[in-house]
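Throw the hints in and build the complete structure from the sequences for me.
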Amino acid sequence: MRTEGLYALSSWSDMAYLLAPRVFLVFGLLILPLVLDMYWQRVLCAAGIYALLAIGFDFLAEYVGLVCLGGALFVGTGGYISGLLNVSLGLPPLLCIPIAAVSGALISTIVLIPCLRLRGIYFAIVSFMFPLFAVFIIIALGVFGSTEGISALDLLPNRWFEQYIILALVLASVFSVRRLVNEDFGIILRGIKDNDQAVRSSGINITMYKVKAVFVAALIGCLGGAYLSHLYGWLGLSLFAMDFSILPIAATVMGGMGTLVGPVIGAFILTPMSEALRGFGQLRVVVYCLILIGFMVYKPEGLMNYLERKYHQFERWEKV
Amino acid sequence: MDIIIYGTVNSVIFALIAVGFTLVYGVSRVPNFAHGSIYVLVGFLTWSFVNSFHMNYIPAIILSLGIAALIGLVIYRLILIRMRGMPTSEIIASFAVSLIILEGLRMQGIAGFKGFIGPFYVLQPFKEGKINILGVFVDYQRLIIVGAGLALVTLLWLFTHHTKTGLALRAIAQDEQAAMMLGVNSDRTATIALAIGSALAGLAAVIILPLGNITAETGYRVLIYALAVCIIGGLGSWAGAVLASFLLGFAMKISTALFGAVWESVVLVGMIILILLFRPSGLLGKQKELEERV
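Just so you know, the protein sequences line up as chains G and S, in that order.
Take the first sequence: its letters are residues 17 to 336, numbered as in the numbering used here.
Take the second sequence: its letters are residues 45 to 338, numbered as in the numbering used here.
Please keep in mind that the hints were generated in silico from the structure rather than gathered at the bench.
Quick reminder that beta carbons are idealized off the backbone N, C-alpha and C, glycines included.
Each hint can be trusted.
Not everything, but these chain S residues come out facing chain G in the computed CB check (under 10 Å):
1) I123
2) R126
3) P131
4) I135
5) I136
6) G148
7) Y264
8) I275
9) W307
10) E308
11) I317
12) L318
Covered, in the sense of this in silico footprint (three residues per stretch, anywhere, with C-beta under 8 Å from a C-beta of chain S), are these stretches of chain G:
13) 119 to 133
14) 150 to 160
15) 306 to 316
Here's what the structure looks like:
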């Protein structure tokens with residue numbers, strides 16, 4: 017075994033050893049659109065959205081200790097804001113998506129602030145209620161197209177752009193969140209997860225840090241949602257559907273919690289699988305959950321940790 | 045008068061729904077997100093025992109409660125036992141179990157019961173008819189609910205304070221290590237808690253479901269109600285749970301009367317948020333729980 021940083025620069029083969037998985041991931045994702053046909057390219061876009069949500073979930077659950085069962089809240093908020101900006105003000109999608117991501121993240125964070133004092137199971141259930149609650153409100157007030165939704169939003173320019181933008185977003189989020197959690201900010205967050213009283217007694221305002229962390233996760237989620245509404249040119253109550261909350265969780269558990277890359281891999285495995293199960297309708301959720309429980313019980317470390325361990329066990333000799 | 049009587053009935057319904065959850069989580073710290081799904085499952089099971097297998101009502105209920113307890117036991121023994129002490133995993137796993145049961149029921153149903161075809165699956169009430177109380181007509185089923193709810197809460201209080209098993213349940217909630225030193229088998233106790241909790245969810249289902257249709261969506265609502273009562277009342281405190289049920293029951297009844305049924309859930313979430321802002325440990329929660337949650 018060796019530590020990553022110190023030996024990495026000692027030789028070309030060592031550098032290659034460290035870079036290979038990363039390069040494999042980046043180029044693997046970038047090549048995918050070129051080899052897939054039209055239908056699976058669409059699936060790829062959906063997988064990208066789930067991957068974004070899974071990164072957000074993993075970040076909140078493993079680094080901040082907030083298990084958010086309501087990922088659909090982020091998708092819905094981002095999607096609705098982006099779609100409404102597009103329809104009512106006529107802004108182009110490329111402007112709507114970033115605006116919607118930031119303002120949606122702000123709104124979701126403000127909505128979640130009162131719950132940030134909760135931990136564990138309490139936060140989980142309250143966050144699970146928010147998407148349901150949003151659906152109730154939209155139906156009750158009859159706003160935003162009510163139950164029918166709004167169709168005929170502007171689409172993204174072309175399908176290559178569609179795919180590469182989401183892949184770029186996924187890669188950017190993975191690497192930037194990973195960098196974030198290794199900074200001081202991430203250390204404090206992990207401290208909050210493990211022992212918040214100790215962090216508090218060091219004179220650090222834990223709520224402020226939690227708010228920032230939720231904002232980061234919400235930003236990633238809203239970005240996915242805003243992109244989604246322009247991908248299909250449609251927005252409706254199904255943006256708050258349970259799929260957006262559950263599949264990312266299953267992907268995270270499958271890929272390995274706390275690895276940030278694992279969830280992405282999990283999402284790119286699970287989404288095509290769920291597409292293949294489309295005929296079963298809502299039973300898909302049952303299948304995700306079975307996979308989820310199977311992984312939790314038999315392989316709690318997840319794919320990514322397993323692969324990483326195996327990769328580090330390759331025998332390599334260096335000439336000194 | 046209308047509001048007082050129906051508010052009371054509503055409150056007792058909340059209490060009935062929440063007791064199982066309070067017993068399992070508040071008392072022995074095992075989050076059981078499958079609570080709502082077991083509630084619905086028992087409704088489905090009882091219906092199909094009565095209508096597809098032509099059993100009598102009472103044996104059907106007893107049988108399905110037994111099955112519910114068994115499911116609780118299996119959930120703990122097969123799944124939750126492997127992730128004890130890791131709250132994140134416990135939550136996700138039990139929530140996944142809940143989704144498997146609910147979505148499976150919604151699509152497939154069981155034994156002649158097709159969950160998605162019609163809204164016409166109803167359990168028959170124990171006793172038909174209505175009675176006039178101070179000018180308001182109340183059907184007997186609602187009176188039975190009130191009686192059963194009050195009796196159940198009292199029995200559970202006695203159980204957790206005066207029997208050996210009940211004391212063991214509270215012991216592992218307060219300090220697992222110390223309880224184990226005194227000879228309490230923590231896994232066995234948690235298994236018992238989950239089995240009893242599931243049976244209680246089922247009992248609530250057979251008492252309450254005759255008031256309306258059985259649908260899979262009810263499961264999510266039940267889970268949310270149970271948690272709302274738990275959050276507002278404070279952990280592990282029976283008095284808090286009862287107080288919270290009454291608060292929620294009346295608040296929702298009054299808001300329905302004033303603004304219409306759609307605002308029910310708004311009031312629910314609003315109350316949770318208010319309580320969390322001003323009393324994060326719940327109405328009757330104690331200092332220990334404050335550390336637990338804030």
